[in-house]
Amino acid sequence: QTVVTQESSLTVSPGGTVTLTCASSTGAVTSAFYPAWFQQKPGQPPRPLIYSTDNKHSWTPARFSGSLLGGKAALTLSDVQPEDEAEYYCLLYCGGAQLMFGGGTKVTVL
Amino acid sequence: QITLKESGPTLVKPTQTLTLTCTFSGFSLSNSGAGVGWIRQPPGKALEWLALIHWNDDKRYSPSLRSRLTITKDTSKNQVVLTMANIDPVDTATYYCAHKHCSGGSCYYDFDYWGQGTLVIVSS
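First to last, the protein sequences are chains A and B. For the first sequence, position 99 matches number 99 in this note's numbering, and the numbering has no gaps at all. So the mapping is simple: this note's numbering equals the position in the second sequence, first residue as 1, plus 1000.
Warning: the hint list may mix true and false statements.
Below 20 Å or equal to it, Euclidean Cα-Cα: the simulated SDA-like pairs (lysine to any residue) are [stated by the list, open to error]:
id, chain 1, residue 1, chain 2, residue 2
1, A, K41, B, Q1116
2, B, K1059, A, Q1
3, B, K1005, A, Q40
4, A, K56, B, I1002
5, B, K1045, A, T2
6, A, K106, B, K1005
7, A, K56, B, C1102
8, A, K41, B, K1059
9, A, K41, B, S1123
10, A, K106, B, E1048
Label-pair ranges, simulated between beta-carbon atoms [claimed, not checked]:
id, chain 1, residue 1, chain 2, residue 2, range
11, B, S1124, A, T76, 16 to 26 Å
12, A, S9, B, S1025, 31 to 41 Å
13, A, S25, B, K1045, 30 to 40 Å
14, A, N55, B, K1045, 20 to 30 Å
15, A, S8, B, S1064, 14 to 24 Å
16, A, T17, B, G1044, 23 to 33 Å
17, B, S1025, A, K41, 17 to 27 Å
18, A, D79, B, D1057, 43 to 53 Å
19, B, L1011, A, D54, 24 to 34 Å
These are calculated hints, taken from the structure and not from any lab test. Glycine included, every Cβ here is placed at the ideal spot set by N, Cα and C.
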């Protein structure tokens, strides 16, 4: 079974930029994995941010962007705001309509 | 406006079968491409995708839980039901249902609208 790996934690200063990555145990992540990204704050359901690699939902702030980077899916947060402190999860389509979430990255704004 | 709400027991005994219902509004599961998924999250842990049912009754399950899960839909009631057999304390989690994202005539393997989740505790 595919394992999806994310950084466990990252720290960024307000106004700074941070990039989170999402790797697959089967090899390079491509657009065929349809990478999606979610933000989750304590006590809340996940909030979708990015779908199909780099597409934003209508509610996604412009400072969030998705891409492919070095064989991984990536989520970049630019001009980070205090309210961006949260857990971030990637979701990959692993073929046969099988889906897999990563283990999550806790982003601390400090 | 799409909304989803999960319902089911809060406390379940080990070895029992868990039945969770997702009641939704704002879309129809009879529309081409539509789908509803279930995702769970143990306390303090990561999200785990469980199952997905499509408008045409196509069903997909997490390989690790396939033998214990059944997902069904009742289009007339706007409900999706997930059953999990032989429940164990490690199944203690918040269970979410979510709408499969479709927009602009295309559907994607992600979820754009989520319920608030329902906490299920497995304990004797």
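K1059(B) and Q1(A) were given as a pair; does the straight-line alpha-carbon distance stay at or below 20 Å?
holds, 18 Å
If you draw a straight line from the CA of K106(A) to the CA of K1005(B), is it 20 Å or shorter?
violated, 27 Å
If you check the beta carbons of S1124(B) and T76(A), does the distance land in 16 to 26 Å?
violated, 47 Å
Sort out whether S1123(B) lies within 20 Å of K41(A), counting only the CA atoms.
Given that 20 Å is the threshold and the Cα spacing comes to 27 Å, the pair is violated.
Indicate whether the distance between the beta carbons of N55(A) and K1045(B) respects the range 20 to 30 Å.
At roughly 28 Å between Cβ atoms, K1045(B) and N55(A) fall inside 20 to 30 Å, so the hint holds.
Consistency of beta-carbon spacing, D1057(B) to D79(A), with hint 43 to 53 Å
holds, 45 Å
Starting from K56(A), check that the Cα of C1102(B) is at most 20 Å away, please.
Given pair K56(A), C1102(B) holds - Cα atoms ~13 Å apart, limit 20 Å.
Range agreement (Cβ of D54(A) with Cβ of L1011(B), hint 24 to 34 Å)
Since L1011(B) and D54(A) have Cβ atoms about 43 Å apart, the given range 24 to 34 Å is violated.
Can the suggested window of 31 to 41 Å be confirmed for the beta-carbon pair S9(A) and S1025(B)?
Because 38 Å falls inside the window, the suggested range holds.
Is K106(A) within 20 Å of E1048(B), Cα to Cα?
holds, 17 Å
For the pair S8(A) and S1064(B), does the Cβ-Cβ distance stay inside 14 to 24 Å?
holds, 22 Å
Hint consistency between K56(A) and I1002(B) [alpha-carbon to alpha-carbon, up to 20 Å]:
Distance ~18 Å between K56(A) and I1002(B) Cα, so the pair holds.
Comparing the model with each numbered hint stated earlier shows that hints 6, 8, 9, 11, 13 and 19 do not hold.
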